[in-house]
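Asks: Dock chains H and G against the given chain R, drawing on the hints supplied.
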Amino acid sequence: MGNCCERVGNFFCRQKNTNVRVSLPAVCFVWQIAMIVLFGVFIRYDEESDTHWIEHRKDHNITSDIENDFYFRYPSFQDVHVMIFVGFGFLMTFLKRYSFGGVGFNFLVAAFGLQWALLMQGWFHTLDHTTGKIYIGVESLINADFCCAGSLIAYGALLGKVSPVQLLVVTLFGVTLFAVEEYIILSLLHCRDAGGSMVIHAFGGYYGLAISWVLYRPNLHQSKRLNGSVYHSDVFAMIGTLFLWMFWPSFNSAITDHGDGQHRAAINTYLALASSVLTTVAISSMSKKGGKVDMVHIQNATLAGGVAMGTAAEFMITPYGSLIVGFCCGIISTFGYLFITPFLEKYLKLQDTCGVHNLHALPGMLGGFIGAIVAAAATESVYGHEGLINTFDFEGSFADRSVGTQGGFQAAGCCVAIAFGLVGGAIVGFILRFPIWGDPADDNCFDDEVYWEVPEDEETIPPVLEYNNHMIHKHQDISESNFSVEQS
Amino acid sequence: MGNCCERVGNFFCRQKNTNVRVSLPAVCFVWQIAMIVLFGVFIRYDEESDTHWIEHRKDHNITSDIENDFYFRYPSFQDVHVMIFVGFGFLMTFLKRYSFGGVGFNFLVAAFGLQWALLMQGWFHTLDHTTGKIYIGVESLINADFCCAGSLIAYGALLGKVSPVQLLVVTLFGVTLFAVEEYIILSLLHCRDAGGSMVIHAFGGYYGLAISWVLYRPNLHQSKRLNGSVYHSDVFAMIGTLFLWMFWPSFNSAITDHGDGQHRAAINTYLALASSVLTTVAISSMSKKGGKVDMVHIQNATLAGGVAMGTAAEFMITPYGSLIVGFCCGIISTFGYLFITPFLEKYLKLQDTCGVHNLHALPGMLGGFIGAIVAAAATESVYGHEGLINTFDFEGSFADRSVGTQGGFQAAGCCVAIAFGLVGGAIVGFILRFPIWGDPADDNCFDDEVYWEVPEDEETIPPVLEYNNHMIHKHQDISESNFSVEQS
Amino acid sequence: MGNCCERVGNFFCRQKNTNVRVSLPAVCFVWQIAMIVLFGVFIRYDEESDTHWIEHRKDHNITSDIENDFYFRYPSFQDVHVMIFVGFGFLMTFLKRYSFGGVGFNFLVAAFGLQWALLMQGWFHTLDHTTGKIYIGVESLINADFCCAGSLIAYGALLGKVSPVQLLVVTLFGVTLFAVEEYIILSLLHCRDAGGSMVIHAFGGYYGLAISWVLYRPNLHQSKRLNGSVYHSDVFAMIGTLFLWMFWPSFNSAITDHGDGQHRAAINTYLALASSVLTTVAISSMSKKGGKVDMVHIQNATLAGGVAMGTAAEFMITPYGSLIVGFCCGIISTFGYLFITPFLEKYLKLQDTCGVHNLHALPGMLGGFIGAIVAAAATESVYGHEGLINTFDFEGSFADRSVGTQGGFQAAGCCVAIAFGLVGGAIVGFILRFPIWGDPADDNCFDDEVYWEVPEDEETIPPVLEYNNHMIHKHQDISESNFSVEQS
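Chains as they are written, first to last, in UniProt numbering: chain R, 1 to 488; chain H, 1 to 488; chain G, 1 to 488.
Okay, chain R solo, but in the shape it has when bound (with noise of 0.2 Å):
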């Protein structure tokens, strides 16, 4: 098989070159010295990591150092670490034969953002300037991490169609727009996006739709042979879900306020998602011939409660309130992927190779406006009057904000997430279109022979082959002597 392979590949090599020997290190390395140069200008622990940190509690009248920041947040932090990188990573496993690129450039790309999102997110959020420095914590990194999730749910949608280098393209500028969307939503118009429904799903999603649109490929058919799962590639992508499935509480509380703000954070997301992975299972029952259930739902759309959760987490949306989002966004993810992907692929030439239309951006919008309206539906009864400020944060020059306002504010915000998805991805697309990037043939898609070293594999026999004498190729792949079968 391997063998049979190679020629497959030089044979496209001839129409399109895939290499990327040269760009994919060069990219690499300019790119870390970049970051290795700016974190020497900007980047110094805040006082929380810096041994400076016993006289910053005696100035503070800190009691003990379990009050460190690091205390409160570092748990979540390392449960949204795993959904960023074993999560996101392994629920693209899914494909029969681009395994190692769903789990491997997931891998890369986002080390690769994490670094530019400390920096950008810095620049634009806790940049001191009177030091001009950029003071970094354990909640830096969950924002980087946060910033880098916007990025792979673009990555979703592109998945075995686009080159590593390109990703590497898509993530740049993907941090950059999503810190920039990110200053405009949370700081001038002093949304609440704790679990990011906004900043990071609907912006990401509409991003890498908005991409994949311009990518568009008509004979992305070619490839179909690959564009599936098999029965242990699906069984990997289970991995991915439950990571963050699981941990989707962590990644809404992560950063909110101290004490009761996560511990309702967490609650509400643990209820919308058990609600969404019934609603899942029966409109994916409901849909098929003998009410099977399809793995493609549940590794999706059982997710979406999470995903709807984002923004009104942490407001006092109720117990039921949750069990309703996810009742809903169960549903309507399942028939994203029922009817809307499909309805994409064909009327707007729109490859969603992911499902993240279903997946991210739809439930993510849905998410912003959820969190508008339970805004605007605030009560000093419900929150209490100290609680309402510390909630919606009406401090300062928000102070007089009213509870409509903000409302009013979180539905537009969500409306900027989205703008900035679709232009930025449709700038970022034709990027891409230049012909220098290494993406693979429309008949060579889905498959790591393009971009890995592959193995290789007793389990594989290529169709292709079988009809011509099988013997010969599928007694290769193990004693690899051909002599005692020619001879037979």
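Note that these hints are calculated values from the structure, not bench results. Be a bit skeptical, because a hint or two may be false.
Given that identical chains are not distinguished, each listed pair holds provided it fits within a single copy or across any two copies.
In silico DSBU-like cross-links for lysine-lysine, where the CA-CA straight-line distance does not exceed 35 Å [as the list claims (entries may be wrong)]:
id, residue 1, residue 2
1, K289, K16
2, K224, K288
3, K224, K289
4, K288, K16
5, K58, K289
6, K288, K58
7, K346, K288
8, K16, K346
9, K349, K16
10, K58, K349
11, K133, K224
12, K346, K58
13, K346, K289
14, K133, K349
15, K16, K133
Replies: Coordinates of chains H and G only, in the frame set by chain R:
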């Protein structure tokens, strides 16, 4: 294979209808809507997850947000959450063609059960009779996960032989029975059982065994070809085993007393588990020709130490006491797989797919009695005066209970758990025998084809090639009709 | 296939006896019983895990349970625990037919080693000479896990070439040597090495390499067919890689100072790891035709940054300093896989299955020297007066040590670790050459069939049967009816 299996499927549909296209969605929707209504009526945030926490803290002069129960329990909660969804889920992926059902239905059952658990446990334990509300926090989420564990253990005994609809029925009754027996054991008998040797493992194990006994399939051997593992499915199962093994200290310490209680429970469980691994390997190797180790034992019996420490982990059982418990339970559990499971199947007509008897029922029962002995042996010199009161919660109406009496009640509690499991399971089993649940035929068990859309695998040759000679043979692999070979 | 392999097995038994049916259980039982006795004599709960904690708190006027060390360290402990069992375990599943041995024996070795580690480290570090007891808490558990890591690293070099009994011997001596060198380095030389670049990685790496060098197999090429990966085994290995990569910040911060110490160590490690990923991908891609990335590099070299930060992570190395460390180590480690490992095998007769030289030995040694340099460069202006004392623990008899001296001692410590690894490994290697350990024959390495009950697998066709009609035998594998075939 696809269409061949379809044929097989359709063929049995004549005798046995495995179509759940109406029943599964119906149950999911009705259930989820009921949950939303009941949550609306009963469930509210507790004071530590409510925005009023700020006022609350003033009242209780709590010095810092870090004393919110969230920071005491959330890391343990996430570990428990991983055990329920990844641990139990992947442990059940070991069957060669039932991995989707193992991890997927586990996912469905747990998400379904935890909502009902929040209500049932709330009504029995935390219902505020003045307001008529149940106030939930992170500890409620942990207890809900625990409550699901009982039903998931039962699923282990039924794996591959029941329909998803039957599983939901098992869970509905399982959670209800769990809440009742838990109330009797923990509240009425005032037992201590933080890690649930009795209330979770003994109950869940015997519940599943009783159901399986009632649902005995005399012709299950017809599915023998699928009732086993393949190389990679065993590796998947190790993911489940290891996450259960690693996080069991969190499981047993998740709801114990703050401070030394959680600390001690984690240490004891860690030691018992380590000791189980060695004795499991020893017995497994002794039992096989050439001293080969059996994956079934490694995947299961290594966990017996954690199960058996469920009750005693928070007591002063001493580190070497923990090692002894793990030592014995590793041996007993492995012997169970070698001798008891075959015995049960042959003479008691009890088919236990995952051997939950050896991993949960038996070690859980032992754990209950170990807890009783350790409790009865407690002295003030070891625990200290305050320590003894805190550990056994000798307060209020139980202030004058002696440790001897406590030991007696612990033993009684264990019997209650077993009785609930056996009787409840028998009843549920009979309910599941109605021919309306869409369970698979005897020669169609352990097969994902029945309830899942299964991708066509390279491992199974694409139907297009059926015409040539090779295919016929290949085809036999599945259909097992040897005629053509004998003719050739 | 089963019976064929049996035949193969029996065949080699004539020359080489791989039967461990007596030795493996004997070692496990004797060892576990010894542990129980020794724990009974020496090990007790420390004051924070003892019920006396309540009184204890009063004495030390600690305000809250949250200040129990459990809450400072337990989340990091669980992350470390995952690295030891899932991280190391799954990283070693990459071989096509040795995944059981990789994850299973890793499990056995770690469970075996951590008990001995608690005793050895206790005797050297925490033995209370008045009571003659060792008092353990969560930090002891972390240290025990660390101690096992040394032996697991050594296993990486021996993977597939040794029997489980030999592994237990490797671990027994490995843990003992570890405790001694750790005592010399941390206590006598008063080095700082929180993440164990020196005491864990340099020691463990060279220990394994020395053993492997003594156990050189000139005819190992006879097992060449099995010394490689298949597609899905590489995906399994990525589970190990990612959990190691994600949780390495917890590894390096698990036992550092409360507060800013843990906070800073996590940040530094996070950054170094991110930087390693980019340079690893760059070098890997440069080295291959068409710029294809090699899974071996991604699975291993991406972790080099974490190894190299083991010593310096808790120092004020600065964020960009961390990036530089990761940058260099990613390059060096990948070059190691490309050139050093083949060189070692060809000219030094050193067979290093997992390339631990490139992932642990070399980066660990570098990490030790990096730590020495960073320590020597420490200034009071950067660390603050108190900070400097806390970070390097300049108290008691070391109160007047200068940072320059400290740097010198750090470098000396690194040499001690390497010396212990090389000398200890050589001795243990010679012990393992006695023909009593049941190690596999040269043409039987990397094969789970030798020590595991392996399920019959549709996926593999035994080469022995290739010469005659493949089909019929293929057929046997499943239908297990040989008569029809023998007739034909």
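Asks: For every hint, state whether the structure bears it out.
Replies: Consistency of the hints with the structure:
1. In this assembly of identical chains, K289 and K16 lie within 35 Å of each other by CA distance solely across copies; the values are 16 Å between and 41 Å within a copy.
2. Proximity of K224 and K288 under a CA criterion of 35 Å is satisfied in both settings, with 22 Å inside one chain copy and 28 Å between copies.
3. In this assembly of identical chains, the alpha carbons of K224 and K289 lie at most 35 Å apart whether taken from the same copy (23 Å) or from different copies (27 Å).
4. Proximity of K288 to K16 under the C-alpha cut-off of 35 Å is restricted to the inter-copy arrangement: shortest distance 18 Å between copies versus 39 Å within a copy.
5. For the homomeric pair K58 and K289, neither the shortest alpha-carbon distance inside one copy (68 Å) nor that between copies (59 Å) is at most 35 Å.
6. For a Cα distance limit of 35 Å, the shortest separation of K288 from K58 qualifies neither inside one copy, at 65 Å, nor across copies, at 56 Å.
7. In the homo-oligomer, the alpha carbons of K346 and K288 lie at most 35 Å apart inside one protomer (21 Å), although the nearest pairing across protomers, at 39 Å, exceeds that limit.
8. For a Cα distance limit of 35 Å, the shortest separation of K16 from K346 inside one copy, 26 Å, qualifies, whereas the shortest one across copies, 39 Å, does not.
9. When the C-alpha separation of K349 and K16 is checked against a cutoff of 35 Å, the pair qualifies only within one copy, where the shortest distance is 22 Å, while the shortest distance between copies is 43 Å.
10. For the identical chains of this complex, K58 and K349 are neighbours neither inside a copy (62 Å) nor across copies (59 Å), given an alpha-carbon limit of 35 Å.
11. For a Cα distance limit of 35 Å, the shortest separation of K133 from K224 qualifies neither inside one copy, at 51 Å, nor across copies, at 55 Å.
12. With identical chains, the CA atoms of K346 and K58 are never at most 35 Å apart, being 65 Å at best within one copy and 60 Å at best between copies.
13. In the homo-oligomer, the alpha carbons of K346 and K289 lie at most 35 Å apart inside one protomer (23 Å), although the nearest pairing across protomers, at 37 Å, exceeds that limit.
14. Proximity of K133 and K349 under a CA criterion of 35 Å is satisfied in neither setting, with 46 Å inside one chain copy and 52 Å between copies.
15. In this assembly of identical chains, K16 and K133 lie within 35 Å of each other by CA distance neither inside one copy nor across copies; the values are 45 Å within and 66 Å between.
The structure does not agree with the numbered hints 5, 6, 10, 11, 12, 14, 15 stated previously, though it agrees with the rest.
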